[in-house]
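Enquirer: In case you want the letters, here they are:
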Amino acid sequence: MTDHVLQLKEVTKTFGSGRTEVQALKETTLEVARGEVIAIIGPSGSGKSTLLTIAGGLQTPSGGEVHIAGERITDLNEKRRSRVRLDHVGFILQASNLVPFLTVSEQLRLLDKVKKGNMSAAERDGLFEELGIEELTGKYPGDLSGGERQRVAIAKALYSNPSLLLADEPTASLDSDRAFEVMGLLKSAAVKKDAATIVVTHDTRLTDYVDKVYKMVDGTLRLEEEKEAERLPDERTEFLEPEEERDGV
Amino acid sequence: MFLAWREIKQNKLRFALITAVLLLVSFLVFFLSGLASGLAGLNREAVDKWQSDTIYLTEESDKSLNQSMMTAEKADEVEGGETAVLAEMNLIADNGEAKNGVALFGIRPDEFIMPKVTEGKPFKDENEVIASDYLRDEGFSVGDELSLSSTDEKLTITGFTDKSRFNAAPVLFMDLPDFQKIKFGQAAEQMEEGEETVNAVVVKGGSGEQVPDELEKIETETFIKNLPGYTEQNLTLTLMIYFLFAISAAVVAIFLYVLTVQKIGMFGVMKAQGISSGYLAWSVIAQTFILALIGVLIGFGLTIGVGQFLPNAVPVTFDYGLMAVYGAVLVAVAVLGALVSVWTIVKIDPLEAISG
Ligand SMILES: Nc1ncnc2c1ncn2[C@@H]1O[C@H](COP(=O)(O)OP(=O)(O)O)[C@@H](O)[C@H]1O
Ligand SMILES: [Mg+2]
Numbered sequence: 001m002t003d004h005v006l007q008l009k010e011v012t013k014t015f016g017s018g019r020t021e022v023q024a025l026k027e028t029t030l031e032v033a034r035g036e037v038i039a040i041i042g043p044s045g046s047g048k049s050t051l052l053t054i055a056g057g058l059q060t061p062s063g064g065e066v067h068i069a070g071e072r073i074t075d076l077n078e079k080r081r082s083r084v085r086l087d088h089v090g091f092i093l094q095a096s097n098l099v100p101f102l103t104v105s106e107q108l109r110l111l112d113k114v115k116k117g118n119m120s121a122a123e124r125d126g127l128f129e130e131l132g133i134e135e136l137t138g139k140y141p142g143d144l145s146g147g148e149r150q151r152v153a154i155a156k157a158l159y160s161n162p163s164l165l166l167a168d169e170p171t172a173s174l175d176s177d178r179a180f181e182v183m184g185l186l187k188s189a190a191v192k193k194d195a196a197t198i199v200v201t202h203d204t205r206l207t208d209y210v211d212k213v214y215k216m217v218d219g220t221l222r223l224e225e226e227k228e229a230e231r232l233p234d235e236r237t238e239f240l241e242p243e244e245e246r247d248g249v
Numbered sequence: 001m002f003l004a005w006r007e008i009k010q011n012k013l014r015f016a017l018i019t020a021v022l023l024l025v026s027f028l029v030f031f032l033s034g035l036a037s038g039l040a041g042l043n044r045e046a047v048d049k050w051q052s053d054t055i056y057l058t059e060e061s062d063k064s065l066n067q068s069m070m071t072a073e074k075a076d077e078v079e080g081g082e083t084a085v086l087a088e089m090n091l092i093a094d095n096g097e098a099k100n101g102v103a104l105f106g107i108r109p110d111e112f113i114m115p116k117v118t119e120g121k122p123f124k125d126e127n128e129v130i131a132s133d134y135l136r137d138e139g140f141s142v143g144d145e146l147s148l149s150s151t152d153e154k155l156t157i158t159g160f161t162d163k164s165r166f167n168a169a170p171v172l173f174m175d176l177p178d179f180q181k182i183k184f185g186q187a188a189e190q191m192e193e194g195e196e197t198v199n200a201v202v203v204k205g206g207s208g209e210q211v212p213d214e215l216e217k218i219e220t221e222t223f224i225k226n227l228p229g230y231t232e233q234n235l236t237l238t239l240m241i242y243f244l245f246a247i248s249a250a251v252v253a254i255f256l257y258v259l260t261v262q263k264i265g266m267f268g269v270m271k272a273q274g275i276s277s278g279y280l281a282w283s284v285i286a287q288t289f290i291l292a293l294i295g296v297l298i299g300f301g302l303t304i305g306v307g308q309f310l311p312n313a314v315p316v317t318f319d320y321g322l323m324a325v326y327g328a329v330l331v332a333v334a335v336l337g338a339l340v341s342v343w344t345i346v347k348i349d350p351l352e353a354i355s356g
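Sequence order for the protein chains is A and B.
Letter 66 of the first sequence, counting from 1, is numbered 66 in the UniProt record's numbering, and no numbers are missing.
Letter 18 of the second sequence, counting from 1, is numbered 18 in the UniProt record's numbering, and no numbers are missing.
It should be emphasised that the hints constitute simulated quantities derived from the structure, not laboratory data.
Some hints here could point you the wrong way.
Unchecked claim - Here are the simulated DSSO-like cross-link-like pairs (lysine-lysine), alpha carbons at most 27 Å apart as the crow flies:
hint: 1; chain 1: A; residue 1: K227; chain 2: A; residue 2: K9
hint: 2; chain 1: B; residue 1: K9; chain 2: A; residue 2: K113
hint: 3; chain 1: B; residue 1: K183; chain 2: B; residue 2: K121
hint: 4; chain 1: A; residue 1: K115; chain 2: B; residue 2: K347
To be verified - Derived Cβ-Cβ restraints for the label pairs, each shown as a range:
hint: 5; chain 1: B; residue 1: A20; chain 2: A; residue 2: T29; range: 52 to 62 Å
hint: 6; chain 1: B; residue 1: N11; chain 2: A; residue 2: D203; range: 32 to 42 Å
hint: 7; chain 1: A; residue 1: K79; chain 2: B; residue 2: Y257; range: 18 to 28 Å
hint: 8; chain 1: A; residue 1: T204; chain 2: B; residue 2: E352; range: 20 to 30 Å
hint: 9; chain 1: A; residue 1: K115; chain 2: B; residue 2: L336; range: 25 to 35 Å
Backbone N, C-alpha and C define an ideal beta-carbon position, used for all residues, glycine too.
Chain A on its own, in the form it takes in the complex (with noise of 0.2 Å):
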């Protein structure tokens, strides 16, 4: 077994058939390792959520092969891989990630209910803590600003110690300045918690953040910068102090 929580070795994913054919994604090959944070820019149709679905076993690749945590999944049937997703792989979307029903230490509750081996109560609050979050567990999504959910969805991914941590443009839906903070929060409560992370976004300011970044130009992947630096950079620390404004919808 490798260090590698996520392996794409060649992997292709072509839909349609014949005139109508698109090949989303040309044959790409990715590792990623615990506690790595990776970022893929690129326009959009370039193939980024295919990439990304296929990394989390939201669907199967035309050809090549995905190991999740040294198991080979390309061909588990749905439910095996929806067991996979459940204790290895933790999702962050756009939006409408969360239970609209559900008070914010209830969406948490939910994942209990429906796994094992999830964090204590006092790694929960921890986690809570370092998203700025603790004061909104009785709160219903309804009641939070864009960035608030996004934090929440975002120790809703954590909260079940993924080794891999996916993100389909999480800060799609905020302004800039919420943007940063999301962002630099999302990147250092991954590296606490150790996992492998792909975020996804269309934002190139955002990828001060990450340690590689990789470029999507028509379904084919480029390594487009590698960083030494692990640490954030220094003029970017104050968004990860929560702020109390509550401006965003």
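Use these hints to put chain B with the ligands onto chain A, whose structure you have.
Expert: Structure of chain B with the ligands alone, referenced to chain A:
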């Protein structure tokens, strides 16, 4: 249960509506079942009061009381734990102010189908009768002299008894020899002991006795089912109840399906997170169960409540055992309706929720 209950609490109006529908349907079901047993009672009450096991009719009568005619002598050949002869005819009784259709029973006062009087005294002298107390509600009272539709003989009410209706008519009980006079007029005068005509022998207890020639032994329940109109009426009401079951299944199915379709995105996200279809499906089933149970319980209470205020003329009798069965069926049928949504949930592709 966790998801199911939280959602109900957060969307009270939505779920109140579906509960209200179930409440109304269950009210209708309970009421119809009350009506069915009430109407059934109208027909069989007097027979139920005997608590008999079997009834003997003539073979050629085809299980119809009116068509069955035997001599008292023949009737006395019937053996059993306890036996009682029964002669019956339908008449119109008139006390000068009120007129009512009645079933006249000719019986022997020393046999077990002799009713206990709840008001007044039993019959003793010629042409005296004990009347069903439903006649009291119709304006008849102890001491009334009744003229009859088919004879010049007059009857006198000496007392009332409860729970005595037969084939939708209140019963008048009288001594068998007097009954012969009413039914056969002059001819009855020449009758010897044992020559009286009766229609049936009612038997309680005993078993396996010889059935006399020309007679047929039937279960009391079979006898009741063969009362004119009884089975047809029961079937009609029962059919209506069954239709209501189908309707409530359909209504619940549609309602839940609409709610589920609205939540496809949410379910998809949950499935992407690895929450199994089974868990989500159970949640919908649990939700339906909770709502149906609440609806049916309130419907039950409402039925009982409304039943208290109904005029006596409405023949509603609540059979709680039967209502419990119908209530359980309604809940089961609602859960069945939820299966459409379960299917929808199972089919949701989490990928679609993710790629929004
Ligand atoms: N389920 C699908 N069926 C057919 N074509 C698809 C499907 N999903 C994605 N595509 C196509 O694949 C390409 C990549 O899409 P996507 O991965 O969603 O891009 P991105 O997330 O970078 O905007 C697009 O051309 C899109 O139309
Ligand atoms: Mg996308």
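Enquirer: Per the hint of 32 to 42 Å, is the separation of the Cβ atoms of N11(B) and D203(A) within bounds?
Expert: Distance hint for N11(B), D203(A) holds at roughly 36 Å.
Enquirer: Do the Cβ positions of A20(B) and T29(A) conform to the proposed distance bound of 52 to 62 Å?
Expert: Once the Cβ atoms are compared, 59 Å apart, the range 52 to 62 Å for T29(A) and A20(B) holds.
Enquirer: How does the Cβ-Cβ distance of K115(A) and L336(B) compare with 25 to 35 Å: does it lie in that range?
Expert: Since K115(A) and L336(B) have Cβ atoms about 30 Å apart, the given range 25 to 35 Å holds.
Enquirer: Is K227(A) within 27 Å of K9(A), Cα to Cα?
Expert: holds (23 Å)
Enquirer: Are T204(A) and E352(B) spaced within 20 to 30 Å by their CB atoms?
Expert: At 28 Å between Cβs, range holds.
Enquirer: Take the C-alpha atoms of K115(A) and K347(B), compute the straight-line distance between them, and say whether it is at most 27 Å.
Expert: holds (22 Å)
Enquirer: Quickly compare the C-alpha distance for K9(B) and K113(A) to 27 Å and report which way the hint goes.
Expert: Judged against 27 Å, a Cα distance of about 19 Å means the pair holds.
Enquirer: K183(B) and K121(B): Cα distance at most 27 Å?
Expert: It holds: about 24 Å lies between the C-alpha atoms, which stays within 27 Å.
Enquirer: Tell me if the beta carbons of K79(A) and Y257(B) are separated by a distance inside 18 to 28 Å.
Expert: Given a distance of about 24 Å, which is inside 18 to 28 Å, the answer is holds.
Figure legend: structure checked against the earlier numbered hints; every hint is met.
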